[in-house]
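Given these sequences and hints, build the entire structure.
As they're listed, the protein sequences go chains A and B.
For our numbering, add 18 to where a residue sits in the first sequence, where the first one is 1.
For our numbering, add 1379 to where a residue sits in the second sequence, where the first one is 1.
Just to be clear, a hint being listed does not mean it is correct.
Derived SDA-like pairs: lysine to any residue, alpha-carbon spacing no greater than 25 Å straight-line [unchecked claim]: (1) A:Lys67 to B:Glu2196; (2) A:Lys67 to A:Gln45; (3) B:Lys1383 to B:Ile1480; (4) B:Lys1939 to B:Arg2124; (5) B:Lys1939 to A:Phe65; (6) B:Lys1884 to A:Asp53; (7) A:Lys91 to B:Asp1862.
Please keep in mind that the hints were generated in silico from the structure rather than gathered at the bench.
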Amino acid sequence: MSKWIDVCSVDDLQKNSGICALVEGEQVAIFYMADNSIYAINNYDPFGKVHVLSRGMIGDIKGEPMVSSPLYKQHFNLKTGVCFEDETVSVASYGIRIEGDRVEVNLNGVAK
Amino acid sequence: MSNKQTLVVIGNGMVGQNFLVSLMASDIKDNYDVITFCEESIPAYDRVHLSEYFAGKSAAELSLVEEGFFEKNGITIHLGDKATVIDRANKTVTSEKGKVIAYDKLVLATGSNAFVPPIPGNDRENCIAYRTIDDLDDMKEAAKTSKVGAVVGGGLLGLEAAKALQDLDLVTHVVQFGPRLMSAQLDDGGAGLLKQKIEELGVSVLIDKNTIKIVDGDVCKHKMVFSDGTELETDLILYSAGIRPRDDLATLSGLKIANRGGVIIDDHCLTSDENIYAIGECASWNDQTFGLVAPGYAMARTVVNQLAGGDAFFTGADMSTKLKLNGVDVASIGDPHASAPGSLVYTYQNGVEGIYKRLVVSKNNKVLLGAVLVGDASGYPILSQYFLNAIDLPSNPDSLILPARSDASVGLGPDALPASAQICSCFDVTKGAICSSIEGGCTTLGGLKADTKAGTGCGGCVPLLKSVLDCELEKAGFEVNTDICEHFAFTRQDLYNLVMVEEIKTFHELLTKHGSGSGCEICKQTVGNILASYWNEYVLKEDHLGLQDTNDTFLANMQKDGTYSVVPRMTGGEVTPEGLIAIGQIAKKYGLYTKVTGGQRVDMFGARVDQLPLIWQELIDAGFESGHAYGKSLRTVKSCVGSTWCRFGVDDSVALAVELENRYKGLRSPHKIKFAVSGCTRECAEAQSKDIGIIAVEGGWNLYVCGNGGMKPRHGDLFATNLDKETLIKYIDRVLTFYVQTADRMQRTSVWMENMEGGLDYLKSVVIDDKLAICEKLEEQMQRVVDTYQCEWKTTIADESKVKRFRHFVNSDKHDENIIFVEERGQVRPANIEERELLKAEIA
Ligand SMILES: Cc1cc2nc3c(=O)[nH]c(=O)nc-3n(C[C@H](O)[C@H](O)[C@H](O)COP(=O)(O)OP(=O)(O)OC[C@H]3O[C@@H](n4cnc5c(N)ncnc54)[C@H](O)[C@@H]3O)c2cc1C
Ligand code: SF4
Ligand code: SF4
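What follows is the structure, given as structure tokens:
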């Protein structure tokens, strides 16, 4: 099932940075990149075992968008949620889109 | 029962420990249960650098034993217990404390004793040998009641001991039995110049003095009476007249002993008992004992190899030495006395600069047999390569000791050395081994040292090591990659210069002009940091927001559970009772854990991100401002209570600390910066372990720079003395700005200094002599930072759009339900994972 859930307004996004939203009980980290692209993955840091990924720094590794954990600095691919340092570790990635001035998340969708 | 054999090592000195380390690094380490007896109360330490104990090194700093070494390798060490009997028939060792250990293999590494001449009165009070840390403690104690000290023995060790006496502020005499100083290593010319230089340093040198007795003095404690009828009054006597191998235990157990002392060993380092080896200074090979560490280490390696079934031999050792005695360079190579028949001698003497050099070469003028260098030993590495590898000398060998009068450089390039050339004699590292380490990817001096150990002993080979490295890198066409990351092909220093020269104000602008991709946490933080250092704008300004590490973005330090700690500034560690009460009340209200930090202020832990602005509003209302504990920036200026209260205080350390902290607070830098100010030389504020340390002395302030505690402690270097406050601040402005401009990312001042070409002298020439003519610019830059200071928290809470970011969920007022605390010692702490699951289940 594919359900788009309204989360916040575009103004709530932080350019070049992340925020966290509560979506049906899941903590979703949302990142708004310099080139206006937008990604959503789970906020849980599987290494630090706490919910902080939205507060990591973002950028790219060889062109792939990434967030670096604020605790121990592992990098996660924002498209897939897979950790660059250890491919056996990953976090869930979600669908996300901007409709008008609203941001919507799809927990079952996959990021572009 | 285990099928391991038992290996007992008697003596845990320099060589005994080196043996254990080599054994543990070998394939056969699991074949043995290892037990070692250590007569001294502490395990092995660096005897070679013993005299630095007086110049301020601690016993811990001299230790040769890595933390946890014995435990990790399962070695049993009996500290403060001496082996007293070896029963060779039953293969047991008995100790003073009554331990009886059965061995399969035994290694003697008992070292030597300082030789005490058999003179009547030699055992009077305050007559001390110079060999162990305990001896040094005795010396320190004796020095307290002494004014004059005398060293018996004018050899290498004796002269070092003289330095120690000078460090203890005693009037110092050296009493030499023979006709010249360092008679084993130097010829008359070299020894004469050395004597002159040592005397210039305020040490009196008595030559050709045979002490016949020591009796009560008239003005001092003792009087030394010499055979020529003269006398010397002194309060303290140090024996450093040579060493005697400690072979008593071996003698008792019937091992063969050499006529001149020492346990006889063969080329395998085996004694006359096939299960007992002897290594280090206690061993005699070919009727020769060795009073240096390098041969001892070579013996240790030989034994490890033997035990592993190898066929290594000990083949004697090069006794060349190079050292700095009281700042005077002295080196001796091979046979400096020209005792080989027909050998030829070249000498160069420069009375103006105080330099003496002598070469001894073979009859055919082709091979170097020996050399002496006094006053300038820079030629030592090259000359010892000629000697060790018997390389053909140039047609006019004296060019090797004559000063270069033209640009034509003489001597050996590293390229001319064979792969077998030994570069580091302490750890027997050849040029070949160094080259293969370089090929394996070691491209820095530090890396090479760590990988091959070369240069980590006496350090004499470091210049040569560096030139081998440079030469190899150049040959390989290596360009060392110093790019900070894949997005910028520049070093931090390059980026700083680009920002400065092109007046770049944002990351975006720098990336567009000089970078590629969209950046990563490395370049973003580095550039954010550079921009903040240079322009000092509000770090949460829209353009800079994404550049800050989480600590900086939320102006607090993230802890392991995702909560933050909050640290208000307490300049100089000063806080009013009202301030303390306010902090207490705020911590109580928000349920925070409080702890006093090493930087003399209070840290409050466990704040959720949404609580940060609320907490700070209250702190600011109570008169506090940001402590910048989250930034790569000035942390604290620690201070002792100083002359205001302290009986010993020379100046007001607190007032200076407060002034300095207010001046430099907010300064962003490549890494954190810590200061301290002590009110007198008792140094209660531990200023010498800080990036910038200041100590009050009678004549003003002494400035130390580039110290560090932390993982790799380093004492600060004394930079300038007796400064008035104005000059002090000027120097600090310059040093810090220069650091900010030229350091690598995440490089503390200590590492910056260690990597600086020219080191302390260079930094002085830039900051004090203004060699680069940049001091005015450096001061201007610092003044700009000082003038544009703002409390980031004040700015933040005044701006609603900034405060908005401080919530866990953008779309809900809930907070993160995974942040759960439990209580411990009357305060909160983060629940661990099991506790968290349990408590969450309970709540649900
Ligand atoms: C001040 C000073 C400066 C020096 N400078 C230099 C230098 O610049 N370059 C250089 O190469 N060398 C130098 N040396 C010499 C160097 O320190 C020695 O060569 C080296 O320490 C020898 O190591 P070792 O293990 O044989 O003996 P040691 O280091 O003396 O160790 C022997 C240990 O065995 C212990 N021991 C003895 N008998 C027993 C027993 N029965 N049971 C248990 N334990 C026992 C002793 O207490 C001692 O701790 C210097 C020495 C001194 C004192
Ligand atoms: S350093 Fe000196 S002035 Fe400061 S507390 Fe210690 S003794 Fe007193
Ligand atoms: S010493 Fe280690 S554990 Fe202690 S605060 Fe520093 S980093 Fe943390």
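Given the hinted pair Lys1939 of chain B and Phe65 of chain A, is their alpha-carbon gap at most 25 Å? At roughly 11 Å apart (the allowed maximum being 25 Å), Phe65 of chain A and Lys1939 of chain B satisfy the hint.
Pairwise hint evaluation, Asp53 of chain A against Lys1884 of chain B, where the allowed Cα distance is 25 Å at most: The given pair, whose Cα atoms are some 20 Å apart, holds under the 25 Å limit.
Going straight from one Cα to the other, do Lys67 of chain A and Glu2196 of chain B come out at no more than 25 Å? holds (13 Å)
Taken at face value, is the distance from the CA of Asp1862 of chain B to the CA of Lys91 of chain A at most 25 Å? Answer holds: Lys91 of chain A to Asp1862 of chain B is near 19 Å, not above 25 Å.
Given hint Arg2124 of chain B paired with Lys1939 of chain B - CA-CA distance at most 25 Å: holds (24 Å)
If you draw a straight line from the CA of Lys1383 of chain B to the CA of Ile1480 of chain B, is it 25 Å or shorter? OK: Lys1383 of chain B and Ile1480 of chain B at ~14 Å, within 25 Å.
Does Lys67 of chain A pair with Gln45 of chain A here, judged by a C-alpha cut-off of 25 Å? holds (13 Å)
In terms of the numbered hints stated before, the structure departs from none.
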